[in-house]
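Chains as they are written, first to last, in numbering that gives the first Met the number 0: chain A, 0 to 330; chain B, 0 to 663.
Keep in mind the hints are simulated off the structure, nothing from the lab. Just so it is clear, the structure is predicted and the values come from calculations on it, not from any experiment. Take the hints with a grain of salt, since some may be wrong.
Quick list of the computed label-pair ranges, beta carbon to beta carbon [as the list claims (entries may be wrong)]: (1) K325/A with I661/B: 27 to 37 Å; (2) S346/B with M317/A: 26 to 36 Å; (3) P467/B with L293/A: 46 to 56 Å; (4) S218/B with K119/A: 58 to 68 Å; (5) E152/A with E398/B: 50 to 60 Å; (6) E192/A with E398/B: 29 to 39 Å; (7) K325/A with K59/B: 53 to 63 Å.
Heads up, simulated DMTMM-like pairs for lysine to aspartate or glutamate below, C-alpha to C-alpha not over 20 Å straight-line [to be verified]: (8) K607/B with D98/A; (9) K607/B with E73/A; (10) K101/A with E608/B; (11) K502/B with D315/A; (12) K502/B with D313/A; (13) K595/B with D316/A; (14) K227/A with E608/B; (15) K71/A with D606/B; (16) K227/A with E217/B.
Footprint (simulated), chain A over chain B, 3 or more residues, beta carbon under 8 Å [as the list claims (entries may be wrong)]: (17) 577-590; (18) 638-644.
Ideal Cβ placement from N, Cα and C applies to all residues, glycine included.
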Amino acid sequence: MQKINREALIEKAAALLDAGTVDRVLAWKRGEFDYDVTPGLFTTREQMEAELVFGDFCGANMSKYLIKETLKGEGKVLVFLKPCDTYSFNQLLTEHRFDREKVYAVGIPCEGMLSVTAIKAAAGDGISKIDVTEEGVVVETLFDGTKVFGHDEMLAERCRNCKSKRHVAYDELMGEEGEVLDSARFDEVAKIEAMSSEERFAFWQGELSRCIRCNACRDVCPACTCEKCVFGNPDSGIENKAITDSFEEKMFHIIRAFHVAGRCTDCGECSRVCPQQIPLHLLNRKFIKDANNLWGDYQAGEEVGSRAPLVDFDFDDMEPGEAVIKNGGEQ
Amino acid sequence: MQRIGVFVCHCGTNIAGTVDVKAVAEALKSEPGVVVSREYQYMCSQAGQDLIREDIRENKLTGIVVCSCSPRMHEATFRKTAASAGINPYMVEIANIREQVSWVHKDMAQGTEKAIILGRAAIAKVNLNTPLTPGETPVTKRALVIGGGIAGIQTALDIADAGFEVDIVEKQPTIGGKMAQLDKTFPTLDCAACILTPKMVDVAQHEKIRIFSYSEVESIGGFVGNFEVTIRKKARYVKEEICTGCGLCTEMCPQKKVPNEFNLGMDNRRAVYIPFAQAVPKVATIDADYCTMLKSGKCGVCSKVCTAGAIDYKQKDELISEKYGAIVAATGFNPISMDKFDEFAYSQSKDVITSLEYERLMNAAGPTGGKLLRPSDGEHPHTIVFVQCVGSRCEACAEKGKEYCSKICCMYTAKHAMLTRDKYPDTDVYVFYIDVRTPGKNFDEFYRRAVEEYGVHYIKGMVGKVVPEGGKLKVQASDMLANKQLHIDADLVVLAAAIEPDKSARPLATMLTASMDTNDFFTEAHPKLRPVESPTAGVFLSGACQGPKDIPETVSQAGAAAAKVIGLLAKDKLTGNPCVASSDELMCNGCSSCEKVCPYGAITYIDKEFRMPDRSTRIRRVAQVNPAVCQGCGCCTVACPSGAMNLRGFANDQIMAEVDAICK
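The whole structure should be built from the sequences, with the hints applied where relevant.
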């Protein structure tokens, strides 16, 4: 259950609109069901009263929408940022992707977002209503009555292994500031690393073969902000290339992981939006884990202007060969 | 569609011995774009080049592929050939079927197959090549010489005599380097100081030369013809322009217990010092590690006695920025540390010394005033054992020594032995050696004289152990020719320590982006044909930083490096490399990744107005490459997340086409 509700957000946004501080608001918009919340843009209190929501399905990271939104009009855009969203916000600023002057960022607390996939798997078909109460996640279904599940079991993996409840960027904060957490997120990677190479290959083959190349992961990813994506560029020679074999179906995601390496904040949006439930964020997290292991801990987006290990150099950096061996490779 | 000619070279039997060149030419005929494919015995010869020119004209070729040796060898040759026949030189690709095929394969079938594949890759690339035109950059007519030993001195003098300005950066308070520490020089036995110090004076007095002594290179930017160098002039706490070098301060300073590095710690100097009488510049330096005034604020004797008022305790390091057209590395060498050679008891006995220490003991300006006295008790030694190859040619002990031959030790040991016997005929001198290596003009004669005229005992074999005992050094050694063990009671043991490049060479190489070998010697652009140039344009090599060398060799190489520098500085403009990066502004995100990885600072960003499809305008931050500064390393193309950065001549699609052709 979130510590802050939609009314508080609406009041804050309406006040800022009235004061003329901002003229647009990026927040979460009601969908057909409780769980299909989408990002939305609001300009009046009436719109917000009608459609703005905030709850346990507002996982969407609003940072990326600032790129296009700040280009429209002269006034400022109000954006509500959960702690993990602020890392993406900073990373985008590091990459000069939007003008900070055109944004008014309000940090809001987050108690973790629920996984729709997990709830659907547990509750079955015909979900008509989901409430989060003291008891847990209360799911009403059309065919099978009301079911109650533990809150923590229904959390998205990225929230169960939340890396930070601290906001690294904001103009104003609502609620109390949290701390950077001692997350166990790399344990998920370690599980895959522990597999034999055959098992690991089979695991990724199984996951990535389900990919339908809908590009949702790319479109939502706050690190994927290229003016022209190679996968959408006819000159690149790989635009919308059909998956012709089991090798190529992996390449899209591996190339994407390389492209965002050092810039990925591990926000987990790629996995949230994947309609095939592929745990894509684990690929990126593996890169982060390896980079931390080789060059010391680095969290993308922690500071604006920080240099990621892959675009930094100092005399003590290990040679690539040493890195391979340190990571368990063969000499 | 390109019209491509393929020219397969036999290189005599160098290639044709392992590659069926006819089959290669035949196989490549059917590749896309190829209109003519032939082989010839020596493509680089006049006749071979004529053949290419003729084909270009007759077949209206737009691009050529030469299957021959490494592009480092003849790419420039064939580019000129192409240009002389009217096609752009960058429409030439080399398939290296010598170094990468015939020299590494023994089997004709395998070699031929690989040669065909490499030819195919080059053809695939030429199909995507576009003509490139290099730009021009001006040349800063000033050279920087890093290191003020005999190598740096000679290079600087030769460049300055040709009329160009030269700066020498020397990290010690004086120029002169190792040669200033030597006593006599082989094979003529003239005194090192007598031939070196006049040159040092020449440097000091030359109107084209500036000396930055007690200074180090802090950073290097730019590129050939236009290097930008920051030099750190370390605080010496003495105003250089005022100090007369009278030396009064060095006599009055109460801090007397500072190990004198010029005499390798065998005696002491004061905290304020002039390294030796003929130092250039002859200026005192205060050693901040020992100066009582600088450490505790109490003393100030030197300041009181200095009549010129040159002492300045508040002096700070000074950073000087200067532009140079060429840089010469002349960082020299050092003897390796003897710490790991316990078997010779170097750290246990003062009477086990290195050859360089022996030089100082023999030198009239040394700690003993030139008298040969044992460091431990000041007695005259009667039995001296010289051990050669200590740490040199050390294959089995690579972790403590060097695998290479240090080259100079055989000759200086012969010199030491000869001079010792000459001055002190009552001394027994033994030299233990693996081989005596004395190639060089008048070198072997010199060594023979040591053995035949001066009665030095040369014994083939190594010393196994030296044990200090009862005032003597018990030397256990083997005589391999007589096949017996020897026990000698020596008074002094002299170790011919291996030499290694100065420790400053590696960080310098990184700043210069110059390549080094595994032993930290600078690598030359070609071991035979370009021995004084680094592969990095505008960087030249002088002296022992490139490999072990004696003085005659160092001086000739120093002159050669100077000649190359003069050749560069004599030009008003340099033709640049057109294979530089460029950013596709429509794809560039302005994210700064490329700027962060660019080692040359060639990338800047501008806010540029773009017209959008809906006729609106949008201002976007995009990267711009300065083609004069870009060296074409390609780091940016890898770092660019959107693929907007591309390297001309090595574009992503060209590389991918090569890979596809290889994997076909």
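Earlier hints that do not hold, by number:
When the structure is compared with the hints, only number 16 turns out to be violated.
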